[in-house]
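Protein chains: 2
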Amino acid sequence: MKHLLLLLLGTLLSSIAAQSEYALSYEKARQAVLNAEEQLMTGGRISLSSDEAKVDDLFMQYKLGELAQGFRNAEQNAAAMHFFKAKPLIDRSAIFRFLQQMPKGAVLHLHNTASVSSKWVVQNMSYMPGMLRCTNAQGRSRLSFRKAPKEHGCSSQYVLVADERRNSIDPALYDENLERLFNLYTPVPELEYPTITAVWDKFQGMFDTLSEAIYYLPAFRAYHWQLLEELFNDNVMYAELRVGLHELYDASGRTFPKEQSVRELLQLNEKFVRLHPNFLGIKLIYAVWRGADEQKMRQNVAQFKLLQNMFPNFVVGFDLVGQEDKGKPLYEQISVLKELPPNTRLFLHAGETNWYSASTDINLLDALLLNATRIGHGFALVKHPILMNAVKTRQIAVELNPISNQVLHLVWDMRNHPGAQYMALDIPVVICNDDPGFWNAKGLSYDFYYAIMSLAPNNAGIRVLKSLAYNSLRYSALTEAEKQKAYALLEYSWGRFIDKVLQGKVF
Amino acid sequence: MKHLLLLLLGTLLSSIAAQSEYALSYEKARQAVLNAEEQLMTGGRISLSSDEAKVDDLFMQYKLGELAQGFRNAEQNAAAMHFFKAKPLIDRSAIFRFLQQMPKGAVLHLHNTASVSSKWVVQNMSYMPGMLRCTNAQGRSRLSFRKAPKEHGCSSQYVLVADERRNSIDPALYDENLERLFNLYTPVPELEYPTITAVWDKFQGMFDTLSEAIYYLPAFRAYHWQLLEELFNDNVMYAELRVGLHELYDASGRTFPKEQSVRELLQLNEKFVRLHPNFLGIKLIYAVWRGADEQKMRQNVAQFKLLQNMFPNFVVGFDLVGQEDKGKPLYEQISVLKELPPNTRLFLHAGETNWYSASTDINLLDALLLNATRIGHGFALVKHPILMNAVKTRQIAVELNPISNQVLHLVWDMRNHPGAQYMALDIPVVICNDDPGFWNAKGLSYDFYYAIMSLAPNNAGIRVLKSLAYNSLRYSALTEAEKQKAYALLEYSWGRFIDKVLQGKVF
Ligand SMILES: [Zn+2]
Ligand SMILES: [Zn+2]
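Residue numbers (UniProt numbering), protein chains in the order written: chain A, 1 to 507; chain B, 1 to 507.
It should be emphasised that the hints constitute simulated quantities derived from the structure, not laboratory data.
Wrong hints could be hidden among the right ones.
No copy labels: a pair is met if it fits in one copy or bridges any two.
[Said to hold, decoys possible] No more than 35 Å apart at the CA atoms, straight line, and that leaves these computed lysine-lysine pairs for DSBU-like: (1) K326 <-> K119; (2) K85 <-> K202; (3) K442 <-> K258; (4) K328 <-> K54.
Remember, it's a predicted structure, so these values are computed and weren't measured experimentally.
Let the hints inform the model, and build the full structure from the sequences given.
Below, the structure is given as structure tokens:
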């Protein structure tokens, strides 16, 4: 209600100002509205310590400097540019370096098999002995460490990647081309992906290309260890991973059921946390294909129950994934979803679309009626004021994935991302990265760059950033006790970071 | 307050639905929210006659058919495409033909010297005897019917367009190239205009290229007559033109003061209305360059006072124009603006920007504090919830210019245009066309196409269209008596149009 009052107050102020010059001067009314806007937004009511205020001043100098440069020269305006074009600029940005070192809390929307930087996959995983490649009927490569031509849909023989590389004219070039199989990067995205269909087809295909290789046990361990490394190195302290889960296999031909992949992740996680006491680890959200038929969906539900029984504090929720525009709407899955245990937390992709009042964006309504704990993307929520209000009132966090939405063709100039409005209204949002490995990103800082430079207003500083970091814990699936520990840890790292900035070690 | 209640109602419904299955079934809650959204939006509370309902059914069949085609094939999805690419699809669309024949009411945001289709300018104005061309230092052509090398900044000799054409290898090709001087069309806008600066530079240059030619008295008359024809033929019945006003000149070398150009427009208007009793005519909004210094601005204010005294019911308001990102913010012009007569109606361009909390979008706040009658564009309003609420409460119409915003680089996929949200919230909007002659459009129907196909939800039909047509009269500067006449005329033409559709003469 507080915000509603602020809204009404704003109206009052501006209308008084317009109608009379007696009660309030123009200047006062103007300032009152500007202040009300600042207070209404995400982080607007956080008060900063004097050290934090100093850091904020410094941060704002750099931020306004970079924005001013972009204002003068549109070709240097990373905040308005497609990530593929902006990345070299971002990599040189002082704000970006600040964000990399800043404790960002948790990432709550991240698909495991698209999470690790493609460079690492090429330089490490593809050098593991035994990686094979075949080509399917659509000309798409399938990578794996075992032969299963039917499942892989091979229309070519399998070749060893090591052989191909050795026999190629230029192994470095071979690796570059290999990387393109699971990285959407192109210098001219507007030409290479003229439509949403073009980019989604390639994007979905990349999961097919890579997933089977990841579920090779040695690769699985190395890949997920690297996933944790990349998060940790980017100053992320906790993650909730969307996982599809396949059976694992090893070099001897043995296969292991899905539960085993969860057990592996649990063990990797425990080991990683032991070695990195400032990292709180990961939890899993079981994510199944939204296009599945009823029978398959019942199996998924059964599998989820099994996993949740086995790993009650590790497998913490359920989701449906895949292009919403193409898949079944939630509304068609309701009867199956109702078979989930009543305490199941739903973290539902919904409204990842530009359609308005199509089955896709109405997924938002069903997600709310299904009592979702968080909404994945919620890009279209902005067109549904009633649902937007419900999300705010019920404190359902929206998992924003700025770069994902840009690369996957929902928005071009990131300053039009609806996240700007969610922040303006203090709708709970968390900044996430979705599939960073598939679009030349790494960690969470690139998405934070857009969040503070493009989505947030020009004058927004570290209040917003701090608020986003804390949001990521508040809206996580951590238990209450874990949350307390997480807050304490974030407070500690935040303090250390502030000191570091004041010591001149960041800028 | 009614809408606020609806908002709260929505929250209530969805939260009841989520928390209990007793009070309301899932299905009922779902339908209640969908209904509330429909009722909340623009046109949501209009009731249709049984004839109108039949037309609505028909309209929805075609609309959903075209959207379904776009859903299946993104390359045919005009609603999501840049106008330059979509135009051939739109020209073939049944919905577009419907919109062309539909009475659309008024157009309230239109700049006179960029209003007429470029084809007409080439085929008619450029064939008038005596048109000259010179090239300035930036390589930009200047067209006119008199020599004034200094004012035109010519760095070349003047040549007669007729001579150039006659001596060219291919006169048709010459005309094509001539048209490009004042038409931004290109098949690849994403390549030709990579930044907002690139397209605005060319756009502003086009005013320089053409304006002087238009102020040649015979051209002035022909051009503005054609302007009225194009509006009338597109079933627009009234317009409020933003005019810059220069001195007129004739072939004998005589010049006439600005007042004379107003008088000419008044006479043309009276004659046109006499010949077209179903057309209500035009009024003028005096629009001056926002970058002007204080002295120049005082002259502008004095000129406006003079014009308003001479033509009190014809020159009806004041505006500042030119790229907001580059020009002075309103805040710096306040002291001069306060010298306008207290009853001056302000129709202010504001928030035509993707910047957030920059001087540009804060123009919105100043426009409200200055008690603007309408807001031109208001693209950035969506990021300012307090101002958005004020606009709604105070019933300040937002003049939406969808194609303009797309061509001038604010938005790519029109479904992201903030107008969608203004309509969802029933913020008063009017659909306008800004500068149709400069981007290969003609009349208002192309902008209406995007309004109903991209901005409005999929399920929105003629309720929205009717509401938009009536809005354009309600928020006009017509006097109360004129409005009554206008409403009656719209009601009459609307009824005739409905009959025509039912007689199978439209689809
Ligand atoms: Zn996702
Ligand atoms: Zn304009």
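Outcome of the hint check:
no.	hint	verdict
1	K326 <-> K119	within (30 Å within a copy, 41 Å between copies)
2	K85 <-> K202	both (19 Å within a copy, 23 Å between copies)
3	K442 <-> K258	within (27 Å within a copy, 61 Å between copies)
4	K328 <-> K54	between (51 Å within a copy, 31 Å between copies)
Of the numbered hints given earlier, the model fails none.
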